[in-house]
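Enquirer: With the hints as a guide, dock the two chains, each given alone in a separate frame, to form the complex.
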Amino acid sequence: MAEESKVTLYGYSPCPFGKRVEMALKLKGVPYEYVEEDLTNNSQMLLSLNPVHKKVPVLVHNGKPIAQSLVILEYIDETWKNGPQLLPKDPYKRAQVRFWASFVQQQLFESMLKEFKTKGETQEEASKELFEKLKLLEEGLKSFYFDSDRSIDTEHVGLLDLVFVSVFGSYHKVQEEVLSVKTIDPEKSPLIHSWLTALLDLPVVKETLPPVEKMVAHIKFFRQRFYLPQLNDP
Amino acid sequence: MGEEVKVFRTWSSPFALRVVWALDLKGIKYETIYEDLSNKSPLLLQYNPIHKKVPVLLHNSKPIAESLVILEYIEDTWKHRPLLPQDPHQRANARFWIKFGEDKVFPAVRDSLLKQGKEQEEAHEAALESFKLLEEELKGKKLFGGEEIGMVDIALGWLANLVSVLEEVLVLKFIDEHKFPLLSAWMRLFADIPVIKQSWPPRDKLVTKYIAIREARLATN
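Sequence order for the protein chains is A and B.
Just so you know, we're using the working numbering here: the first sequence kicks off at 1 and counts up by one.
Just so you know, we're using the working numbering here: the second sequence kicks off at 1 and counts up by one.
Next up, chain B with everything else stripped away, as it sits in the complex (with noise of 0.2 Å):
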């Protein structure tokens, strides 16, 4: 059908991992064009100016940005293996824990890494707060989307592969296996999913990256 799909990411974003993923799970072609972000290409500039940042999927010239955004884009498009559940109430629910990661835990998570004493404190906790409820939402389910990957374990995906790195960088526990079993359990599912494995960035740049933000925030304070 000669359909065009493009995917502007850097390669570590761990946001534009998720629309890697739902193309992946989908089967989706696409080509890829990696970013620097110190140094932004016209076309990145031109498909996403509101933000300028990645991701970016390209369908067909059109632009859409904003990840989540285009999670449901993605599914709007190609209906099979569907991401969300058919039933309108269970799509709710889906979507209010896709929300609950993007304004709980995401912010608390980030905020334990770029801030420090009191401040980091009130963050960790808040992503511990944050975690016992991903927990309680797991009960019963091996997965968020319950027997299959779903949008919801796609939006939260970012913890299977960020949490280990996060917590040697800081020397911070953030997901203890005793406290949090089904969240650890997941991680370890989400993160083994040949779709998955396959896309995760190396994991000693990740840390060598971190770590770099850390230093480099602690300097301006």
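One chain only, chain A, in its complex shape (with noise of 0.2 Å):
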């Protein structure tokens, strides 16, 4: 019985999407046991739990694999309701936070990777394309995210705090010192700038996110190796 309620996770440190899962199983409190893939290495493991995308984070509970870092977050908050609630109780507020997070990981993520594979002119419109994006977020927080007061709730941690300082909190960092770009600046996004330093000031987030100069090594490799190589111009 207690081999079947055990929870493994599978991950690789530098992806944001493992992490993501990682301070949920914390915040909700849940003894799991972290494994990590190294991506760079077909794992047999990885292909049995994830066949379809052959890819982490993989959450195995009950013996039975669940992947997608945002499924498997909504999974955790069903499963375990024990612990603070990863999104709210009323429909409308739910609709909202999944809003915003797909908005993060689709938008924002992707214009950000899409930073980080490319150069010159492609990279610059990426760059835009992230800023005008950090706007919409911005604008969308005033009206949505926090309350009349402007005051940020860390009390509360939910899916979409968990979703945005995944994506941002070391990205954040890594894309200044390897690109040299600033993209989160407190005068444009002032309430952005705030929110995530109100996150990352967090236990549960500082014990989970990589160190910075990790997460810089990381993305130089991967830039080297893997992403500018593919590209066409020299």
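Honestly, the hints are just simulated from the structure, not real lab data.
Honestly, I wouldn't trust all of these hints.
To be verified - Computed list of chain B residues with no C-beta within reach of chain A, every gap over 12 Å: (1) E35; (2) H80; (3) R81; (4) L170; (5) L189; (6) A216.
Stated by the list, open to error - Across the chosen pairs, the derived CB separations fall in these ranges: (7) L114/B - L228/A: 37 to 47 Å; (8) E110/A - E122/B: 18 to 28 Å; (9) P229/A - R188/B: 41 to 51 Å; (10) K40/B - F221/A: 44 to 54 Å.
Quick reminder that beta carbons are idealized off the backbone N, C-alpha and C, glycines included.
Expert: Rendered as structure tokens:
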């Protein structure tokens, strides 16, 4: 019986999607085993757990695998009902969380990745795109996320906080070091900046996100080894 | 109870159809507002300032955008005739396939329409690969939701609507009866369900629409 209820998380430390799952498990107080998968080597275990995407993170609970980090977060919230709720109870607020989580994940993260994977003009376009999208997020936060006195509630860390801090927490600083680009400017994006700062101060975030130096090394490696050689222009 | 439900849609948007199907399956009454995307109404822009797109669901004056977010909202709000299973693991599985449809299937089919030459070939290949996985998932089931339509069927339902249209427009085969027998059977079954059938946009209009889209895209290349 104990074997069945065991929770195992397969992740890859530079990957932000696994980090958000880890933070969720910690917030819920769920004991788990973490297994590091080296994505630069094909692993048989990974192929059997996530045959569709062959990717991390994968959560295994009761012997059954679940893939896709946002799907995993909802699963965690529905399965471990004690402890903080990752999604609000009210359907409309849940919709807003899902909307913005999807926006951060699909729009912002994609643009950020484009920035790392390209150079020259294409990279400049990606930076512009990212900046425009950050403006939208800043506006959206004003009307939705923060209460009227603009305070950030870090007592109730939820799904959107986890998605956001896992994407921006390490990457934001990494971007500045690797690309010399300042993404989250406190003057241009004050709400986003203060939200990020507050989240980065939380113990669960500090102990889960990899240190900046490690992320910088990783991104530099990926850029040199995989991304830049794929580009057509020298 | 005087609940006000409105749906902003176009006559053909496959994303908006998802919302229509979910509401119709649950028997929710709503008002439909048709948008002309070349001339968007001030209301649409007010309710969906981020993406400025359809569908938007308005419930008691509160707007919700993004079709998959809307589906989950509908499920959270009207709990009868559930579209997702009760068991958390099965729910996670359903959400996984919905995401797969959105992230893999749809872009490949869309790019088959919008690209040409090698890029189109690659998109078409990717689409076929994604169909293989859907075919696997259908093993032992009539519908992705099992015996009854669920959220996965609704999310993927655009295939039953559009695949034959695109096959005609592009002169390209996507879902061959012999290669994908389960998926073909699913498309026929889904299309024939009364609630679905009653809201299919007219096929000839769809063919005209997608021919025009392809021609416009090729002209800009």
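Enquirer: Determine which of the earlier numbered hints do not hold for this structure and return their numbers in increasing order.
Expert: 7
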